[in-house]
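Asker: Letter by letter, the chains look like this.
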Amino acid sequence: MTDAPMVLAERVSKNFGSNKVLRGISLEVDPGEVLCIVGPSGSGKSTFLRCINHLERVDGGRLSVDGQLVGYRQKGDKLYELKLKEAAFQRQEIGMVFQRFNLFPHLTALENVTLAPVRVKGLSKAKATARATELLERVGLGDKGGAYPAHLSGGQQQRVAIARALAMDPKLMLFDEPTSALDPELVGEVLDVMKGLAKSGMTMIVVTHEMGFAREVADTLVFMDEGVVVEAGPPRQILSDPQHERTKAFLSKVL
Amino acid sequence: MSEPKSDRMIEAEPGATARAGRKRDADNAPPEAIVAIPLRHPWRNVVAVLLVLGLAVFILDAAQRSDYGWTDVGKYIFDRRISQAAWVTLWLTVYAMIGAIVIGLLLAIMRLSPNPVLKSIAWLYIWIFRGTPVYVQLVFWGIVSLIYPVFTLGIPFTEPWVTIPNEVFTNLFITAVIGLALNEAAYMSEIVRAGLLSVDEGQAEASTALAMSWGQTMRFVVVPQAMKIIIPPTGNEVISMLKTTSLVAAIPLSIDLYGVSRGISAVTFTPVPLLLVASLWYLLFTSILMVGQHFIEKRFSRGTGRVKADKDSPTPETAPTAVPGEPGAPLGTDAGGKG
Numbered sequence: 000m001t002d003a004p005m006v007l008a009e010r011v012s013k014n015f016g017s018n019k020v021l022r023g024i025s026l027e028v029d030p031g032e033v034l035c036i037v038g039p040s041g042s043g044k045s046t047f048l049r050c051i052n053h054l055e056r057v058d059g060g061r062l063s064v065d066g067q068l069v070g071y072r073q074k075g076d077k078l079y080e081l082k083l084k085e086a087a088f089q090r091q092e093i094g095m096v097f098q099r100f101n102l103f104p105h106l107t108a109l110e111n112v113t114l115a116p117v118r119v120k121g122l123s124k125a126k127a128t129a130r131a132t133e134l135l136e137r138v139g140l141g142d143k144g145g146a147y148p149a150h151l152s153g154g155q156q157q158r159v160a161i162a163r164a165l166a167m168d169p170k171l172m173l174f175d176e177p178t179s180a181l182d183p184e185l186v187g188e189v190l191d192v193m194k195g196l197a198k199s200g201m202t203m204i205v206v207t208h209e210m211g212f213a214r215e216v217a218d219t220l221v222f223m224d225e226g227v228v229v230e231a232g233p234p235r236q237i238l239s240d241p242q243h244e245r246t247k248a249f250l251s252k253v254l
Numbered sequence: 022m023s024e025p026k027s028d029r030m031i032e033a034e035p036g037a038t039a040r041a042g043r044k045r046d047a048d049n050a051p052p053e054a055i056v057a058i059p060l061r062h063p064w065r066n067v068v069a070v071l072l073v074l075g076l077a078v079f080i081l082d083a084a085q086r087s088d089y090g091w092t093d094v095g096k097y098i099f100d101r102r103i104s105q106a107a108w109v110t111l112w113l114t115v116y117a118m119i120g121a122i123v124i125g126l127l128l129a130i131m132r133l134s135p136n137p138v139l140k141s142i143a144w145l146y147i148w149i150f151r152g153t154p155v156y157v158q159l160v161f162w163g164i165v166s167l168i169y170p171v172f173t174l175g176i177p178f179t180e181p182w183v184t185i186p187n188e189v190f191t192n193l194f195i196t197a198v199i200g201l202a203l204n205e206a207a208y209m210s211e212i213v214r215a216g217l218l219s220v221d222e223g224q225a226e227a228s229t230a231l232a233m234s235w236g237q238t239m240r241f242v243v244v245p246q247a248m249k250i251i252i253p254p255t256g257n258e259v260i261s262m263l264k265t266t267s268l269v270a271a272i273p274l275s276i277d278l279y280g281v282s283r284g285i286s287a288v289t290f291t292p293v294p295l296l297l298v299a300s301l302w303y304l305l306f307t308s309i310l311m312v313g314q315h316f317i318e319k320r321f322s323r324g325t326g327r328v329k330a331d332k333d334s335p336t337p338e339t340a341p342t343a344v345p346g347e348p349g350a351p352l353g354t355d356a357g358g359k360g
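Sequences listed follow chains A and B, in order.
End of the first sequence = 254 in my numbering, gap-free, step of one.
End of the second sequence = 360 in my numbering, gap-free, step of one.
Honestly, I wouldn't trust all of these hints.
Simulated crosslink set (BS3-like; lysine-lysine; CA at most 27 Å straight-line) [what the hints assert, rightly or not]: (1) A:K74 - A:K126; (2) B:K264 - A:K82; (3) A:K170 - A:K126; (4) A:K84 - B:K140; (5) A:K120 - A:K82.
Which residues of chain A face chain B? A few of them, derived with a C-beta cut under 7 Å, are [what the hints assert, rightly or not]: (6) R90; (7) M95; (8) R99; (9) N101; (10) F103; (11) A115; (12) V117; (13) R118; (14) G121.
These are computed hints drawn from the structure, not numbers from a lab.
Virtual Cβ for every residue (Gly too), placed ideally from N, Cα, C.
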């Protein structure tokens with residue numbers, strides 16, 4: 000629709016104490032784009048993802064989602080920290096899927112999906128349930144609505160988690176190593192759901208170790224190391240012809 | 022492709038057993054049950070017999086001793102005054118625990134909240150109420166109506182706007198409930214806090230990422246999961262509270278079980294039988310509470326301990342639904358319609 004980027008990061012930095020986790024990340028994600036971030040552990044990929052929905056505070060630079068500054072409000076040339084409520088409001092537009100699923104174990108799959116729409120968006124139970132059933136079918140779990148997470152396999156849990164995030168009708172989906180905690184034979188079913196989601200035009204940022212997925216689905220592949228973007232571009236180009244030494248070293252280990 | 026493979030498997034199996042059979046003839050027979058003389062524990066039996074004998078001697082002896090006053094025990098155990106006092110003790114326990122759980126929950130949430138003011142208030146409260154004896158606190162609440170005969174509202178050191186006579190602390194039953202609840206709340210808050218901390222951080226994170234507020238996260242995600250950690254020690258606290266109510270004598274409130282039995286014995290000069298009567302009532306209540314606790318613990322362990330349930334409902338059966346192609350197809354079509 001518009002040409003404005005969905006996510007715009009300009010020299011974003013983040014410290015944990017004296018540990019500089021992000022040292023100036025600049026990148027752009029357009030609406031409908033799928034961006035995959037790869038890199039060695041400790042490179043700041045997950046932290047950057049968590050900054051995008053303000054689970055972590057950005058310390059420096061500018062980070063905005065859909066034209067809105069994340070976590071702050073600009074008035075004149077001064078920045079004001081957002082109230083918790085306002086920050087929560089911003090998050091409504093951003094769905095997140097975690098490495099360890101983080102489903103609510105005391106709720107059924109269906110209740111997991113309906114909780115936030117009912118409590119945050121004020122949807123009626125009936126409406127939320129109808130929508131949740133639809134979403135569970137979409138991730139191939141239409142018959143599992145009544146199951147508790149402990150009854151589901153890892154792959155099924157992660158698919159419920161995706162449905163749960165989609166229930167808030169986000170404009171942007173963040174995936175934090177969504178298949179890293181899965182048994183190898185369950186990875187495919189989750190990736191398939193994500194592929195379908197990408198095809199539907201969802202804007203996605205995916206931190207992953209699945210190079211095959213990145214090659215197939217990503218529009219842009221970003222290689223991060225030590226808190227900086229080392230290399231970014233079309234996935235085929237980066238995977239087959241990396242320019243930077245660090246990228247070459249990393250890819251030689253994982254491919 | 023899979024068929025010839027499975028054929029080969031079937032072929033291979035009889036061959037394998039045949040080879041094994043040649044090696045060991047006994048293999049076909051069902052395994053022989055082990056018949057062995059179990060390990061004996063002679064000393065356990067000796068000690069048990071000695072203890073039972075000792076107990077029997079004690080009971081026979083106690084039955085004969087006039088100091089126990091068994092006829093008086095029988096006479097007072099169902100005395101109306103006693104059963105009414107038992108009722109008072111029960112309600113003291115119920116009200117005090119309800120108050121303690123509510124205040125304790127608030128304190129625990131305050132201590133874990135990101136707000137430093139709330140945090141400090143909770144810390145100060147726990148420091149004071151856990152740091153002084155409950156008996157001393159009850160004495161204090163008993164005389165608080167003398168220290169503060171009226172409640173006033175207004176600017177300090179000027180004429181008050183509103184003056185309300187202190188009628189709360191002149192009612193000794195209410196005073197007792199408040200005193201017990203305030204003390205217990207400090208302990209309950211620590212129990213609740215341990216429960217809240219036991220919930221995985223990822224839970225609150227997922228809830229936050231779903232745009233739920235801190236309060237909603239607590240109410241719908243963290244607290245329900247903390248319950249199974251909180252319930253067992255809370256049951257313990259209820260049982261403890263039932264007995265602590267006997268300390269309301271410090272206020273002084275004397276209409277509870279211990280107070281009334283002491284009152285009766287002061288007139289009849291039969292302290293021991295009335296102590297026995299009171300103890301039997303306390304034991305009755307704690308026994309009932311123990312049974313209740315058992316069932317509540319079972320109820321709140323829902324969603325966990327599913328290892329058993331997992332075995333019942335076959336998880337492998339669910340795997341075929343997760344055929345890679347299948348979820349992809351509906352997703353593509355549905356999503357296509359949306360975009």
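Asker: Take the hints in turn and mark each one as holding or not.
Answerer: Do the hints match the structure? See the list:
1. A:K74 - A:K126: With Cα atoms ~39 Å apart, K74 (chain A) and K126 (chain A) exceed 27 Å; violated.
2. B:K264 - A:K82: It is violated: about 47 Å lies between the C-alpha atoms, which goes past 27 Å.
3. A:K170 - A:K126: Distance ~20 Å between K170 (chain A) and K126 (chain A) Cα, so the pair holds.
4. A:K84 - B:K140: Holds - the C-alpha atoms of K140 (chain B) and K84 (chain A) are around 20 Å apart, at most 27 Å.
5. A:K120 - A:K82: Judged against 27 Å, a Cα distance of about 18 Å means the pair holds.
6. R90: holds, 4 Å
7. M95: holds, 4 Å
8. R99: Hint holds; R99 (chain A) Cβ to chain B Cβ min 6 Å, cut 7 Å.
9. N101: holds, 4 Å
10. F103: Because about 6 Å separates F103 (chain A) from the closest Cβ in chain B, which is inside the 7 Å limit, the hint holds.
11. A115: holds, 4 Å
12. V117: Violated. Min distance 9 Å.
13. R118: Where the cut-off is 7 Å and the nearest Cβ of chain B is about 5 Å from R118 (chain A), the hint holds.
14. G121: Violated, because the Cβ-Cβ distance from G121 (chain A) to chain B comes to roughly 12 Å (cut-off 7 Å).
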